[in-house]
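Student: The chain contents come next:
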Amino acid sequence: MHSQSLDAMAGNRPKNTAKKRSVSLSYRVAVFLRFVAAIMGGYAFTSVLISLLAVLLPLNKLDSVLLTTTLSVFFYCCVFIWVFAVKSLKTVWITILLTTSGQLLALSFIKGWL
Amino acid sequence: MKESFFRSMAWLHTWVGLLVCWLLFLIFFAGTISFFKDEVTIWAEPETHHVKQQVQRVQSQAEQINYVFAQLQHQAPNSLSWRINLPEPRNPILSYGYAEPKQPGQRRAPFNYTHLDPNTLEQLPAPRDTKGGNFFYRLHFDLHYIDVFTARIIVCLASLFMLVALVTGIVIHKRIFKDMFSFRANKGSRSWLDAHNVSSVLALPFHIMITYTGIITLIFMLFPYPAETVYEDGLKQMFEEALPINKRAKPSEEQRPLIAINDVLDQIYTKSPNADISYVFVRNANTATSQIVVYLATGKDVVDNGPRYLFNGVTGELEASSGEDWSASAQFYDSMTALHSGRLAEPLLRWLYFFCGVAGCAMIATGCIMWAKRLRERLKADQKPSFGLKLVETLNLATLMGLPFATAAFFIANRLLPLELAERADKEILVFFLAWLAMLIIAVSGREKHHWRYSAWLNAIACFLVPVVNALTTDGNWITYLLTKQWALFGIDSAFICAGLLFLLQSKKIPSHKTVINKAKSNKNRLLKEQQG
Amino acid sequence: MMELLQFSLCFLGFNCFALAKFNHFRDVFKKKLTEKQRHSFLMSGWITILLSLLLSVLNDGGYGALLFCGYMALSVVMLMILYSFTVSWVKYVSVLTMSVLLLSGFSVMIL
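Protein chains in written order, with this note's numbering: chain V, 1 to 114; chain X, 1 to 533; chain E, 1 to 111.
If you are wondering where the hints come from, they were derived from the structure by calculation, not from laboratory data.
Careful, some of the hints might be misleading.
In the DSBU-like style, the derived pairs of lysine-lysine whose C-alpha atoms are separated by at most 35 Å in a straight line are [said to hold, decoys possible]:
id: 1; chain 1: X; residue 1: 236; chain 2: V; residue 2: 111
id: 2; chain 1: X; residue 1: 187; chain 2: E; residue 2: 32
id: 3; chain 1: X; residue 1: 373; chain 2: V; residue 2: 87
id: 4; chain 1: X; residue 1: 174; chain 2: E; residue 2: 30
id: 5; chain 1: X; residue 1: 524; chain 2: X; residue 2: 509
id: 6; chain 1: X; residue 1: 102; chain 2: X; residue 2: 236
id: 7; chain 1: E; residue 1: 91; chain 2: X; residue 2: 509
id: 8; chain 1: E; residue 1: 91; chain 2: X; residue 2: 2
id: 9; chain 1: X; residue 1: 2; chain 2: X; residue 2: 373
id: 10; chain 1: X; residue 1: 509; chain 2: X; residue 2: 380
id: 11; chain 1: E; residue 1: 36; chain 2: X; residue 2: 373
id: 12; chain 1: X; residue 1: 508; chain 2: X; residue 2: 524
Whole structure, please, built from the sequences with the hints as guidance.
Tutor: Written out as structure tokens, the structure reads:
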């Protein structure tokens, strides 16, 4: 259903459109979960990444906060696209969870929250 | 997620596009109009149309500030907040206001505004209650009828999807340089794709910039975490460090006279002799903790927070300044808001911004239409349209035809609603949404070609009505604006006339039912002849 | 005047890029594009566009860079219309652009 490139859409349709396409519930759920991973997982990852960077960057407080906050959108966008570029959704979730918690751990040590 | 990176990006591009395209069209549409929001506000307040732009705008500022200060001392010596808006290149009115005491239950103290003709310092009659250009400005990020925080989160998410759509669009547009100037007309889906590609590519730097910087304007709401992590007192402390002039002193009961404003102005003019002052604020006037804040104009600099000075209101001493000596990181952040709002833009650049915004609307609109066409092409001859297809087509007609129609209705309502109507500004906005609803009803009733043609006709009529109603209800009209060189008013009337002509063109281009049947007949005859011959 | 010079340089540059493509060259000149011609069109295109950018930035800094992006957008849409609907005009428009360029260039230098 969604694998047609834009060229196909313009009129050069592949031969398999004659086959009946069914959109299964599992496919819909998989797509939904991928968007959740991209939006919420991406948000969590980006939030922790920029907070960690803000603390690590060798700039004064205001500058590091402003710089990391300005770059946040760039990071979020990259993570979002990466989520859809990876084949396995499990890989996506595991990577996000591991990297986010890893960074959060590092941040906690640096800030002395633990 | 698909077999190849390319296919995944193609899938992602079409799906993030589909999920938010109608909201994005609203954002881009209202945002593009907002580039001329000052001009729209001028148009919406005919009571101020006779005010001429000053010849010596900057040189008259000291005299104007002195005069207004005298007025404010007389009218509201104990108000907690005074505000003077000096005339700008795009807004010729001098206005000032003071905060009235806040009533219980009010979120903010109401402001009492007076408008003056800057050339004569005479008071102008209060303009009609209208939001003018500010309606469209607020609409594109605060939406309407929902609370501001929710609206901004939705807009941020939609803008993120837009950014992803732009990036994936670049990835999948393999022939981006080969096809830059290609547009094949009258070839059905191919033409729509070409239109989508051209409108995206020609203003690609603008689209990426406006989307990225748009999210940045709301970034501290979205990602307060770096500030909260680095500063003990979080976001509030960060803003105080960045903009010390915003630190409001607590009101005091002790009465102390306010310093003569010329003392403050002298200090500013010593620093920068040709200073162009935009605003003057006074907090806690005539008390021990009074403060005077002066904002200078940013001109063509790519900055949002220009030079701003905080003076002690009793001694006249300069206590804080911001906007000078920004570090590289601060300038990087600050330039983002400046780029997005385009306040720095003078007429040529402003029209180029507007043109790119229109290209953005075209990009989104062609995207919406291609989705509907793609769903319809998948439909077999005997199949009924799915709910998804009906939804997409309905939203397309309602949004793409409805928003221009609602805009024209808003401008007409501005002229026709009675001046003494209670909550007039909100009623104008209600007319906007009612007109949009009317178009939605048309869209729900059907989405054939003739529905599109009727809505094109409706739009053309509404657009032509705007300058006509304007001529009938105010002293001026399109021709007199040209003769008296009132470019803001001429521009807006002209824009509606152009839009009307474009909608007329659209209605002519959409084939009528008869034309479709005749074409089908002639095709059938041709095929039969070929078979026989 | 300066803006006209900057824009005409940008427009001419993109026009050269357009003519460096086989289909557009064929539509205008009815001949096949040779490699040598393609190279010279590309070089001229890059030089004039970069010159336009340089002039814009030297004149107005960041503001000039923004103007340049606007010139690019306007050039592309005008050329798209030109090459898709009125290919026969390309030669005349190119000559017109070059004249505007020279005239505005002279007035900028003299005034």
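Student: If a hint holds in the structure, say so; if it doesn't, say that too.
Tutor: Hints versus structure:
Using a Cα cut-off of 35 Å, the hinted pair residue 236 (chain X) and residue 111 (chain V) holds, with the two alpha carbons roughly 19 Å apart. As the CA atoms of residue 187 (chain X) and residue 32 (chain E) are separated by approximately 26 Å, the hinted pair is consistent with the 35 Å bound. At roughly 29 Å between alpha-carbon atoms, residue 373 (chain X) and residue 87 (chain V) fall within 35 Å of each other, so this suggested pair holds. Annotation: proposed proximity of residue 174 (chain X) to residue 30 (chain E) holds, straight-line Cα distance about 27 Å (limit 35 Å).
Annotation: proposed proximity of residue 524 (chain X) to residue 509 (chain X) holds, straight-line Cα distance about 23 Å (limit 35 Å). In summary, the hint linking residue 102 (chain X) to residue 236 (chain X) is supported, as the alpha carbons are separated by about 24 Å, within the 35 Å threshold. A distance of roughly 30 Å separates the Cα atoms of residue 91 (chain E) and residue 509 (chain X); the hinted pair therefore holds under the 35 Å criterion. Note on residue 91 (chain E) and residue 2 (chain X): the hinted pairing is violated, with a Cα-Cα distance of about 47 Å set against a maximum of 35 Å.
About 24 Å separates the Cα atoms of residue 2 (chain X) and residue 373 (chain X), which keeps this hinted pair within 35 Å; it holds. Straight-line distance between C-alpha atoms of residue 509 (chain X) and residue 380 (chain X) comes to about 26 Å, which keeps the hinted pair within the 35 Å bound. Distance check on the hinted pair: residue 36 (chain E) and residue 373 (chain X) sit about 43 Å apart at the alpha-carbon level, beyond 35 Å; violated. Taking the CA atoms of residue 508 (chain X) and residue 524 (chain X), the gap is near 25 Å; set against the 35 Å cutoff, the hint holds.
Of the numbered hints given earlier, the model fails hints 8 and 11; all others are met.
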